[in-house]
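Numbering-wise (the numbering used here), the sequence shown opens with residue 1194 and increments by one.
Hints are computed from structural coordinates only; laboratory data are not their basis.
Calculated cross-link-like contacts (lysine-lysine; reagent style DSS-like; alpha-carbon spacing at most 30 Å):
id	residue 1	residue 2
1	K1282	K1242
2	K1218	K1274
3	K1274	K1325
4	K1252	K1291
5	K1330	K1226
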Amino acid sequence: MKAILVTAIALACLATPLQIKSETKHVILPNPKLIRCTSLACSQLWQDKAPEANDIYPKSVSVELPDNTPCALAVTAQYDKSVSFDDLKAAIDMRFAKWAGVTNDISPVKSWRVESDRFTIRLRTITEQDAKLSDDKFEVGTKTVVYTSFQPTKCDSE
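Could you build all of it, start to finish, from the sequences and the hints given here?
Structure below.
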């Protein structure tokens, strides 16, 4: 009888469903410390967060180093058109809401001016006109997030 009871308990434990993590998706933004960075200490592409299965990463990231500048003065991330504009805005607002532009509620292009770190963020959706102007390098509906330095002639050490 004890053997049957132990077996039943063991089988019940095996049949118990595992806890499943939340299926919420988290938009991953490039690390803003890349702007004006000249050392390895600040050159990490993503912020300090362990990746999760449902994370949404950009489909491409470009870093601008104009005129032989030793540091990035702009970083552009392009997200697939299937990524929600509102999810991207929420991800930016989570860290930078206090620097949001006053016209963000009505403008199709959202902006943030992060005074403390001397850079701006611009979020927009590629329109048909944008795609034509880019010789169709950009797909209509693609979302872009651009970080741009205020002072493009200065690099920081970290």
